[in-house]
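Every number in this note's numbering is 50 more than the matching position in the sequence shown, counting from 1.
Simulated from the structure, these hints should not be mistaken for laboratory data. A hint or two may mislead.
Stated by the list, open to error - Lysine-lysine pairs mimicking DSSO-like chemistry, simulated, CA-CA at most 30 Å apart:
#, residue 1, residue 2
1, K429, K441
2, K546, K398
3, K76, K268
4, K363, K429
5, K357, K398
6, K122, K85
7, K119, K76
8, K126, K85
9, K441, K322
10, K441, K363
11, K76, K122
12, K122, K268
13, K85, K268
14, K423, K268
15, K126, K76
16, K363, K398
17, K322, K398
18, K268, K363
19, K441, K546
20, K363, K276
21, K398, K425
22, K399, K441
23, K398, K423
24, K322, K276
25, K425, K441
26, K85, K119
27, K322, K399
28, K357, K268
29, K268, K322
30, K268, K119
31, K363, K423
What the hints assert, rightly or not - Computed spacing ranges between beta-carbons, pair by pair:
#, residue 1, residue 2, range
32, D246, D86, 18 to 26 Å
33, P461, Q275, 36 to 44 Å
34, E323, Q263, 49 to 57 Å
35, K546, S465, 29 to 37 Å
36, H260, D354, 38 to 46 Å
37, P84, H260, 27 to 35 Å
38, F261, S229, 16 to 24 Å
39, M535, D354, 52 to 60 Å
40, V439, D354, 25 to 33 Å
It should be emphasised that the depicted structure is a prediction, and the values quoted were computed from it without experimental measurement. The beta carbon of each residue, even a glycine, is placed where N, CA and C say it ideally should be.
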Amino acid sequence: MAQTSKTALTDPTILETYIVHVNSPKTRVFSSDPKDIENWHQSFLPSSSRLVYSYRNIITGFVARLSPKEAKAMEKIDGFASAQPQRVLSLHTTHSPSFLGLNLQQKSGTWRGSNYGKGVIIGVLDSGVNPNHPSFRLVLPKEWNGVVTASVFGQAKGTAVGMAPLTHLAIYKVCSGISCLESDILAGMDAAMENDVNILSLSIGAQSVHFYQDNIVKGAFSAIQKGILVSYSAGNDGPLHGTLSNEAPWILTVGASTIDRSIRATTVLGNKEEFDGELLSQPNNFSSTLLPLFYSSTINPFCDFDKPIYGFKGKIVLCDGSSYTDSNLKGQSVYTAGGVAMIVTNEKKEGFTTSANAHFLPATEVSYAARLKIKEYIKSTTTPTATIVFKGTIIGGNSAPIVGSFSSRGPSLASPGILKPDIIGPGVNILVVWPSSFENKKNSKLTFNVISGTSMSCPHLSGIAALFKSVHPHWSPAAIKSAIMTTADLTNLAGKPIVDERLGHPQCMC
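Please take these sequences and the hints and turn them into a complete structure.
The structure is reproduced here in structure tokens:
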């Protein structure tokens, strides 16, 4: 059956990109020449120029530019199965190996026992890679296509070492910016199967739909039938329930957790209360002297540029966090208004998940619980004061791992009887390589960054899967998935149950 988009309903002559599934003819045997299948696919179309992709491996079908009327007409052609307009998906945008028990200094253990993933090929479907980055100074095969997620799997060396350092990466650019067309993703998966990858890793997702409407999970099923494990990010739409992306039972769906490292910036109030937060770029010479603390509760509590920013000069400014204003823009606002430093507080839904961002001025980002207590202090005195103490990198917090507040939650809407996500992995404040041309056009020297998302946790688990595949090359995707899930830790580093950063913190950082 051919489906029609809302746009096409208003204009039936408009051409749209359709993903068409067909049934292979029982009486025809295709040769090894790709043109043979392509010619058959073109026989369904009013013109050969309408063909966009002809798939050989991932699905039995093709992509074409068609009007709704033309798509409907294909239903009469022998071998036609279905056609639907393609969807647009989006990207789900160090110390983590040692946190997972992987250590270069150990004479035995998982890394050495698996030979660091040697011989395993991970297919990365993302926004591409910069092979000139210091972490990827390797001789890459010319026929392989394609930064951030790639550094987490393997290949990256030194500061931002990956999970499986001796794996090979086959990188396929299927996204432009944060948008990823369904047809391009399938083309990348098709090419990856052609290149004999062992694992597919996709930090990409969209809203939940029925499995029969989701061409990407159909493609994943084909890959798994060929012995390829497929790892997907769970999505960044938490903490609400039922916000999961990529929920098919046959894939590995990965949520995000903290690790036992914080880049600590502690707020100290005039009443001596302290609240730990985080900041990536920490100043070396910020004074520990208490300064006036200012909060514009009624005029500009979010420190927005488009609202009055009076009263900031010479003060540490408290700014409410908000989902519609980036914390870096708040920093620009405070800096422009003459603020000395900034304290950004979480929204309620963010709980204790604090971000280690880089800011224009000395700053810290603190939890929602800290937000409430700092405001109580401001109300309690006519001359509130504060300072920020920058402590650098702290390793060893035994409350980790904790589920990040943003990590999408189950239950699965498409398959409520299946528990999802399958597992969590490091995804909060993860050190990664950073493409200088992406969001850093002025400072080309910035080659590393700290970011959060299930797009970080997914490649961690893809790398772990590569270690299993290296040791057990004949294991099926289901066996590797089972081994990962059944050998994972059920408790945090303190031996207590793993908790949710939205609901509470076993060692309250407030």
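> Among the hints numbered above, which are violated by the structure, and what are their numbers in rising order?
Replying inline: Going through the list in order, the structure violates hints 14, 18, 20, 24, 28, 29, 33 and 39 and respects the others.
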